[in-house]
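Protein chains: 2
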Amino acid sequence: MIDAEDTVFLLPGPVKMHPRVLRAMSAPALNHRGPEFKAVLEEMRPLLRYLFGTQGEVAVLSGSGTAGLEAAVSGLLRKEDKVLNLVNGKFSERFHDLCKVFASPTALAFDWGTPVDPAKVAEALDGGGYRAVTLCWNETSTGLTNPIGDVAKVVRERDLLLIVDGITAVGGLENRMDLWGIDALVMGSQKCLAAPAGLSAVALSKRAAESLHSETSFYTNLKAHVEGLKKQDTPYTPGVPLYLAFLEALRMLKEEGLERRIARTRRLAEAARAGVLELECELYPDPAYASDTVTAIRYPPGVDDAKFRTILREEHRVILAGGQSQLKGKIFRIGHMGICSFGDLAAGFLGIEGALAALGHRFDRGDSVEAIAKRA
Amino acid sequence: MIDAEDTVFLLPGPVKMHPRVLRAMSAPALNHRGPEFKAVLEEMRPLLRYLFGTQGEVAVLSGSGTAGLEAAVSGLLRKEDKVLNLVNGKFSERFHDLCKVFASPTALAFDWGTPVDPAKVAEALDGGGYRAVTLCWNETSTGLTNPIGDVAKVVRERDLLLIVDGITAVGGLENRMDLWGIDALVMGSQKCLAAPAGLSAVALSKRAAESLHSETSFYTNLKAHVEGLKKQDTPYTPGVPLYLAFLEALRMLKEEGLERRIARTRRLAEAARAGVLELECELYPDPAYASDTVTAIRYPPGVDDAKFRTILREEHRVILAGGQSQLKGKIFRIGHMGICSFGDLAAGFLGIEGALAALGHRFDRGDSVEAIAKRA
Numbered sequence: 001m002i003d004a005e006d007t008v009f010l011l012p013g014p015v016k017m018h019p020r021v022l023r024a025m026s027a028p029a030l031n032h033r034g035p036e037f038k039a040v041l042e043e044m045r046p047l048l049r050y051l052f053g054t055q056g057e058v059a060v061l062s063g064s065g066t067a068g069l070e071a072a073v074s075g076l077l078r079k080e081d082k083v084l085n086l087v088n089g090k091f092s093e094r095f096h097d098l099c100k101v102f103a104s105p106t107a108l109a110f111d112w113g114t115p116v117d118p119a120k121v122a123e124a125l126d127g128g129g130y131r132a133v134t135l136c137w138n139e140t141s142t143g144l145t146n147p148i149g150d151v152a153k154v155v156r157e158r159d160l161l162l163i164v165d166g167i168t169a170v171g172g173l174e175n176r177m178d179l180w181g182i183d184a185l186v187m188g189s190q191k192c193l194a195a196p197a198g199l200s201a202v203a204l205s206k207r208a209a210e211s212l213h214s215e216t217s218f219y220t221n222l223k224a225h226v227e228g229l230k231k232q233d234t235p236y237t238p239g240v241p242l243y244l245a246f247l248e249a250l251r252m253l254k255e256e257g258l259e260r261r262i263a264r265t266r267r268l269a270e271a272a273r274a275g276v277l278e279l280e281c282e283l284y285p286d287p288a289y290a291s292d293t294v295t296a297i298r299y300p301p302g303v304d305d306a307k308f309r310t311i312l313r314e315e316h317r318v319i320l321a322g323g324q325s326q327l328k329g330k331i332f333r334i335g336h337m338g339i340c341s342f343g344d345l346a347a348g349f350l351g352i353e354g355a356l357a358a359l360g361h362r363f364d365r366g367d368s369v370e371a372i373a374k375r376a
Numbered sequence: 001m002i003d004a005e006d007t008v009f010l011l012p013g014p015v016k017m018h019p020r021v022l023r024a025m026s027a028p029a030l031n032h033r034g035p036e037f038k039a040v041l042e043e044m045r046p047l048l049r050y051l052f053g054t055q056g057e058v059a060v061l062s063g064s065g066t067a068g069l070e071a072a073v074s075g076l077l078r079k080e081d082k083v084l085n086l087v088n089g090k091f092s093e094r095f096h097d098l099c100k101v102f103a104s105p106t107a108l109a110f111d112w113g114t115p116v117d118p119a120k121v122a123e124a125l126d127g128g129g130y131r132a133v134t135l136c137w138n139e140t141s142t143g144l145t146n147p148i149g150d151v152a153k154v155v156r157e158r159d160l161l162l163i164v165d166g167i168t169a170v171g172g173l174e175n176r177m178d179l180w181g182i183d184a185l186v187m188g189s190q191k192c193l194a195a196p197a198g199l200s201a202v203a204l205s206k207r208a209a210e211s212l213h214s215e216t217s218f219y220t221n222l223k224a225h226v227e228g229l230k231k232q233d234t235p236y237t238p239g240v241p242l243y244l245a246f247l248e249a250l251r252m253l254k255e256e257g258l259e260r261r262i263a264r265t266r267r268l269a270e271a272a273r274a275g276v277l278e279l280e281c282e283l284y285p286d287p288a289y290a291s292d293t294v295t296a297i298r299y300p301p302g303v304d305d306a307k308f309r310t311i312l313r314e315e316h317r318v319i320l321a322g323g324q325s326q327l328k329g330k331i332f333r334i335g336h337m338g339i340c341s342f343g344d345l346a347a348g349f350l351g352i353e354g355a356l357a358a359l360g361h362r363f364d365r366g367d368s369v370e371a372i373a374k375r376a
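Going down the list, the protein sequences come from chains A and B. Just so we're aligned, residue 1 is where the first sequence starts under the working numbering, counting upward by one. Just so we're aligned, residue 1 is where the second sequence starts under the working numbering, counting upward by one.
Hint data in this document are derived by calculation from the structure and do not stem from the laboratory. Treat the hints loosely; a few may be bogus.
Since copy identity is lost for identical chains, a pair holds within one copy or between any two.
[To be verified] Below are the DSBU-like pairs computed for lysine-lysine, each with C-alpha atoms no more than 30 Å apart in a straight line:
id	residue 1	residue 2
1	Lys-223	Lys-100
2	Lys-307	Lys-38
3	Lys-328	Lys-231
4	Lys-79	Lys-223
5	Lys-231	Lys-100
6	Lys-231	Lys-374
7	Lys-100	Lys-307
8	Lys-223	Lys-82
9	Lys-206	Lys-230
10	Lys-374	Lys-120
11	Lys-230	Lys-38
12	Lys-206	Lys-223
13	Lys-374	Lys-153
14	Lys-38	Lys-153
15	Lys-90	Lys-231
16	Lys-231	Lys-307
17	Lys-230	Lys-120
18	Lys-330	Lys-254
Could you put together the complete structure from these sequences and hints?
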């Protein structure tokens, strides 16, 4: 049996956590209505704005990224509001499913692994009647980053609301939310911030913050969460240990610097892509849109997903992800966001080389690790 | 400044956590779609049934008790369904507010500190047209336990659904949910189980489990959570560290034994009430309905809430709660559920004696602590 606590942990989220974050999380119980927790929330609010690069309002919810998306959609839209969902992967499909509960959505689908086409978005919107558009900025399921600036431009030209799933983007990809005009941007704690899973945060444009309603939500009532945080409070009992860990991870982000973290994430992604070439493998998404936080790789012919990941896990202690839905068995995915290091990535590729070789795939051993080391 | 990590922690939730629980929580990241987390969920499901004392279905949500209540209400009721909310405190008021979003509620109010009257419930229900009743079993805000068996009887005689907030009851008060015929019972992780805040669990009767729908919920979709747990899975990313801590707390409950924990909680409550008498203070609720998990005490004349709790905190390192809403400044509240010991309770009363004396209240010093020690 492998030691689950001592692995090379390269999932596309949750990602490796720093011991500082783990220690912060394991503090004894504290009063979430007392001065210590008020201090936590007071320190957190400006750090969240720093993370999102916004002057707008922010909120934190005790729930996964999906809770954050629900808060944004249910707070900004009503059942009768038409919303165009841009869909090119599993998470944008889920975003569409979520909108079915709280609004009147239409999906505009693109092939998985190809980007959302802003011209087609414009065409669909001019068909008319929409109030909002949803975009999954970084499709974790396909390792693809959608052209958010171009999509945002099309949406803003028509003065519609833009609600963005930035769960594996915020803190890892270059972000100009105020400039682009994103109305709601959602992040998840266990991704680029490298905090534990279980919290999400939402940043809002001024007009979005002013138009929030609470007719169809209660636990994910975004208005109550925004107003709460302004007063260093939460509407319901917060998941305190997760907040303590989240704050420590925000401090670590600030210490590194957001720009430096994003640049480091990009360099890790470039190294990962260089490594993939040396493995004689191919990226799954259109390479021009390959994500800098998640690399998705097609299995070479003859390599079985379950066998590959079992060998990786049990012989090399490397944890990475397979494909989801229609990509199950076809791709594997590496996360290199948060506090991932070049050393982690090299150790991961060392294991990948071993597992691919064990399953008969042919390539020059050591070259992928060398390619990563050269870029470190 | 006091040391927030070394206190006598007697809030009515969150409550003191055992070091075993804190250590379990601080494990490194693990794959929530991998075998280790499946093993966590597999072990958790029967322990949850043990906790709830039910043969029915159970689910865990990554969210506070409010998320669990929302899951039950949104999954069992529709907007047009009439529901009678029994209200006699802050948390039953919140339950009523929640029902406004997902159903058509009517509040039947009783004075705070007095129990729900089953005869009045019967009368209101016979006015007709109701599909469901909500009850807050243990009102944390007033330290009162409602007569759940008698209320359940009235509801069952009319064949209506009974949805119960058991957040500070489950694991601390004697529970016969299958016998009483509760359709949905909700607990919160940071109360009688003594796990960290941030998770809730729901237990369902057979008919409730079979009638769940997902029309108005997404994150709190109870059907998806119930089906997920059967397959050792979760519909969305779970707050993994909270699950690890929750499982460890469930193991500790099993080791102690549910009946023994409930009996110990009752003895602690009896000791606390004996201590209150020795302080020359009065319980806030009707003494015949005083809760065994939370004791609410009226401030004696001349004792200021803020001063009292500041002295307690800063001079005695005792953390307890004040009143909420209409009871702010009028009462203080002590939690004695979970892993609270007689020693903790005695240390708490030692501090309470000191703070009351410092503020001029007269009583015989030492007697409340003696009263607790005698019952240990």
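Cross-check of the supplied hints:
Both within a single protomer and between protomers do Lys-223 and Lys-100 lie at most 30 Å apart by alpha-carbon distance, with minima of 21 Å and 17 Å respectively. For the identical chains of this complex, Lys-307 and Lys-38 are inter-copy neighbours only, at 19 Å across copies versus 49 Å inside a copy, given an alpha-carbon limit of 30 Å. Within a single copy, Lys-328 and Lys-231 get their C-alpha atoms only as close as 45 Å, which misses the 30 Å cut-off; across copies the closest is 18 Å, which meets it. Taking the closest pair of Cα atoms, Lys-79 and Lys-223 come within 30 Å of each other both inside a single copy (18 Å) and across two copies (22 Å).
Taking the shortest alpha-carbon separations for Lys-231 and Lys-100, only the inter-copy value of 25 Å comes in at or below 30 Å, while the best intra-copy value is 33 Å. With identical chains, the CA atoms of Lys-231 and Lys-374 are never at most 30 Å apart, being 49 Å at best within one copy and 44 Å at best between copies. Proximity of Lys-100 to Lys-307 under the C-alpha cut-off of 30 Å is found in neither arrangement, the shortest distances being 38 Å within a copy and 51 Å between copies. For a Cα distance limit of 30 Å, the shortest separation of Lys-223 from Lys-82 qualifies both inside one copy, at 21 Å, and across copies, at 27 Å.
Within a single copy, Lys-206 and Lys-230 get their C-alpha atoms as close as 15 Å, which meets the 30 Å cut-off; across copies the closest is 43 Å, which misses it. For a Cα distance limit of 30 Å, the shortest separation of Lys-374 from Lys-120 qualifies neither inside one copy, at 40 Å, nor across copies, at 78 Å. Proximity of Lys-230 to Lys-38 under the C-alpha cut-off of 30 Å is restricted to the intra-copy arrangement: shortest distance 11 Å within a copy versus 38 Å between copies. Taking identical chains as interchangeable, the C-alpha atoms of Lys-206 and Lys-223 lie at most 30 Å apart only when both belong to the same chain, with a minimum of 13 Å there against 36 Å between chains.
In this homomeric assembly, Lys-374 and Lys-153 never come within 30 Å of each other (Cα to Cα): the closest approach is 38 Å inside a single copy and 74 Å across copies. Proximity of Lys-38 to Lys-153 under the C-alpha cut-off of 30 Å is found in neither arrangement, the shortest distances being 39 Å within a copy and 43 Å between copies. In this homomeric assembly, Lys-90 and Lys-231 come within 30 Å of each other (Cα to Cα) only across copies, at 20 Å, whereas the closest approach inside a single copy is 37 Å. For the homomeric pair Lys-231 and Lys-307, the shortest alpha-carbon distance between copies (22 Å) is at most 30 Å, but the shortest distance inside one copy (52 Å) is not.
Within a single copy, Lys-230 and Lys-120 get their C-alpha atoms no closer than 40 Å, and across copies no closer than 42 Å, so neither meets the 30 Å cut-off. Within a single copy, Lys-330 and Lys-254 get their C-alpha atoms no closer than 38 Å, and across copies no closer than 43 Å, so neither meets the 30 Å cut-off.
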